[in-house]
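Chain by chain, the residues:
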Amino acid sequence: MPSICFYLHIHQPFRIKKFSVFDIGKNEDYFDETKNKFYLERIIKKSYEPTNKILLDLIKETKGKFKVSFSLTGTFLEQIEKYYPSLIKSFQKLINTGCVEILAETYYHSLAFLYSKEEFKKQVLLHNQKIRELFGAETKTFRNTELIFNNEMADFVNQLGYQAILAEGVDHLLGWRSPNFVYRAKTAENLRILLRNYRLSDDISFRFSNNQWLEWPLTADKFSFWINQINGCGETVNLFMDYETFGEHQWPETGIFDFLKRFPLKVLEHPDNNFKTPSEIISLYPARDVLDFPYLVSWADIERDLSAWLGNTMQQKAIKELYSLEKKVLSSKDPKLIDNWRKLQTSDHFYYMCTKWFADGDVHKYFNPYESPYECFISFMNIINDLKLKLGC
Amino acid sequence: MKVLMFGWEFPPHNSGGLGVACEKLVKALFQEGIEVLFVLPRKFDYHFPYCRFVFANENFIFKSASLKGLKNFYFNSLLNPYLTPKFYVELLGKIIQEKNFSETDFEFKSLINQKGLFEEIMRYAFEARKIALLENFDVIHAHDWLTFPAAIEAKKISKKPLVAHIHATEFDRTGGHGVNKKVYQIEKRGFEEADVVIAVSHFTKEKVVKHYNISPEKIKVVYNAVDYQEFIDFKKEVFGLKKAGKKIVLFLGRITLQKGPDYFLAAAKKVLEKDPNVFFIVAGSGDMEMKMIELAARLNIADKVLFTGFLRGKEKEKIYQMADLYVLPSISEPFGITPLEALNFGTPVLISKQSGVSEVVSHCLKVDFWDINDMANKILAVLNYQELKESLSENGQKEVKNLSWQESAKKCCQIYQTLIA
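Those protein sequences? They're chains P and R, same order as listed. For any residue, its number in my numbering is found by taking its place in the first sequence, counting from 1, and adding 377. For any residue, its number in my numbering is found by taking its place in the second sequence, counting from 1, and adding 1.
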């Protein structure tokens, strides 16, 4: 009987350029257009284009039984509007099938909730607006940047009018409970929580190509068998992952595209299984228990915390400096300056300053467009100083 | 296992990192149970707890006794790893004059018989044959070009395998301009005769492959290291400049073309335009010292650039700790131990990408040596952004604590094993 809630997150930041102390006060751009275009082009070819095609084919082939949900950040949409409008059309096509739900989030993929609720709210509204404009859709479910969540956020998001939110199915908060049910937030009676089943999600997004893994190779048959096993002890299996899983984190050579084509069909072979969007899930299944999120959790790393963005003093300094400018930036009424300030809030900038594991050359390093976390911090701080100069402080 | 090792300097009578590297490697090899017979071309009064020293005249009289596995043989000579053939002749003349040797003076006679650096190297090689005949050993290990002819002779006599350890090539020393053909030939010959070439970094390995046409399979990389050293925290002692609220950027190394002191000063000029509250210390000596003092004056920053001369021991420790940032702007640095020393004391480092050490340290700042704008940008960032300075210091120190000469010695042992198997 389990419903599969298959949700993909798509985001691209405006990466900052190498900004020297000697660039301060010279009216230089903050963002590296060449680099951003390069990364975008590469990811579109490797992942977005082929994956969108597969998803559309699946919807057609299953006559709408296959469903998928997206979150598309404003910074991503802005960039494809500018450079690859054909991709916007491709997303519109998908959304027009009626089998796709678009989720709400901050336009700038920011950590604003932690530093300014006012700003957070504005960015959610900006994102709403963009989604309406491009897809004519209204959002009902919320996902915060990196699935960062706690009790306070539950309350706040509920007040913004959302009925559901996505969160990480963290073991230490769930205890004996399963992520395969709908929950209710302790601080917001009307807000439903959908928890990521990190085991099954990560089987696809992390372990798929790992030949040291006992279950390797992961086939559609095997995966659908695991889904079928849940039958009776769960109502929803929430497979949440980055869109880039398909074609970038897992290269085409690993067989990931073939897996994506086949596993939904395999799952649907069992008559009790179906695919649902988050809004459908919460109308189908009641909340089975109340969950307490007294502290912040995220879907990142093994720690499931915020250490990848705010774990070191450089990250903390950079973000504090940025938000300390809020009032002055907003009162400048300069749209370009405000937009730049917001683009600097994108969490990726702080992620690139992460020093944990840096020396080991792991995933943090792989996705880092800068030579080192220090390089990113230096450019970022120089930009802040340029911004301060513009604001006269 | 016994190793016949040819070196050319040993602390405290060293002019740079090579002597330090030899000393540390020998000590660590001893820990691995390797008995090293260390041959040196230069007579000096050495006092080490772990070995006894024996001196030889030009005819190689040695009454060497070994203690704890290490024997040292010394030759009278003027070999210095950083000598150029021309400078050697000048130095020779100077010493003869200064010492005012009498005709009958033993050392004097040996000196006047030597006409130049290359003859001296050949004499060293000649003497090496005798050692090779007299001593028992399993492997020959030679450090840098001056010892290669000696090591090759030793190999011919003993038929033992040869390891040529390259710490710096002629291309590093000259920056690729004005490569001395004779030096190049000796280096190339050494690499060819060697059974294994040890390079101190991949950066150096690539040079050996590219410029000397040596097969990459034959070259193994063994990094240098530092052994973490507990130190007295001199920061508690208030340094005059610090007390006055000045920031300090340090260059420490030989003041010579290879180390890029001119780029350091050019970056200093840029930094001072933004922040006059900074002092630049140049610690070391070398053939470009006078030129650099002139350059500082010409750039009109002479009041902000302090030349200390060559520093050792406590003085060196103090200067490292005093600095807010250590800069190694080398134009071609095969390895570069000094950044590791600086990090040992928790001083953040900025190193050129044209260095081997950048392969072992990730928690540091890196620049192209020629990019003085970026160098100045990064210097200013460390001086202005406290969090950056602290992170680099903390993480860099942690990283360096994980390095040890024992690892380097273990790698050498593995290489020896493959050669005698």
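It is worth saying that the hints were derived from the structure and are not from the lab. Just so you know, not all the hints are guaranteed correct.
Stretch by stretch, here's where chain R covers chain P in the computed footprint (C-beta under 8 Å, at least three residues) [to be verified]:
(1) 636-642
(2) 748-755
Listed below are several chain P residues computed to face chain R (Cβ distance under 10 Å; list not exhaustive) [unchecked claim]:
(3) LYS394
(4) LYS395
(5) PHE396
(6) SER397
(7) VAL398
(8) PHE399
(9) SER555
(10) THR631
(11) GLY632
(12) GLN692
(13) GLN693
(14) MET758
(15) ASN762
(16) ASP763
Here a beta-carbon is modelled for each residue, glycine too, at the ideal position from N, C-alpha and C.
Comparing the hints with the structure gives:
1. Coverage of the stretch 636-642 of chain P by chain R is violated in this model, with 0 residues showing a Cβ closer than 8 Å to a Cβ of that chain against a need of three.
2. Against chain R, the stretch 748-755 of chain P contributes 6 residues with a C-beta closer than 8 Å to a partner C-beta. That satisfies the three-residue criterion, and the hint holds.
3. The beta carbon of LYS394/P comes no nearer than 13 Å to any beta carbon in chain R, farther than 10 Å, and the hint placing it at the interface is violated.
4. Interface restraint check for LYS395/P: the shortest CB-CB distance to chain R comes to about 8 Å, inside 10 Å, so the restraint holds.
5. With a least beta-carbon distance of about 9 Å to chain R, the hint placing PHE396/P at the interface is held under the 10 Å criterion.
6. The beta carbon of SER397/P comes within 4 Å of a beta carbon in chain R, closer than 10 Å, and the hint placing it at the interface holds.
7. Taking 10 Å as the C-beta contact cut-off toward chain R, the hint placing VAL398/P at the interface holds, the least distance being around 5 Å.
8. With a least beta-carbon distance of about 6 Å to chain R, the hint placing PHE399/P at the interface is held under the 10 Å criterion.
9. A least Cβ separation of about 40 Å between SER555/P and chain R goes past the 10 Å threshold, and the interface hint is therefore violated.
10. Checking THR631/P against chain R: minimum C-beta separation of about 28 Å lies over 10 Å; hint violated.
11. Violation of the interface hint for GLY632/P is found here, the shortest Cβ-Cβ separation to chain R being roughly 34 Å, above the 10 Å cut-off.
12. For the restraint placing GLN692/P at the interface with chain R, the shortest Cβ-Cβ distance is roughly 9 Å, inside the 10 Å limit, so the hint holds.
13. The criterion of a C-beta within 10 Å of any C-beta in chain R is met by GLN693/P, whose closest approach is roughly 8 Å, and the hint holds.
14. Residue-level restraint check for MET758/P holds (minimum Cβ-Cβ distance to chain R is 5 Å; threshold 10 Å).
15. A hinted interface residue such as ASN762/P counts as satisfied when its beta carbon comes closer than 10 Å to some beta carbon of chain R; here the least separation is about 9 Å, so the hint holds.
16. Using the Cβ-Cβ criterion of 10 Å, the hint placing ASP763/P at the interface with chain R is not satisfied: the shortest such distance is roughly 13 Å.
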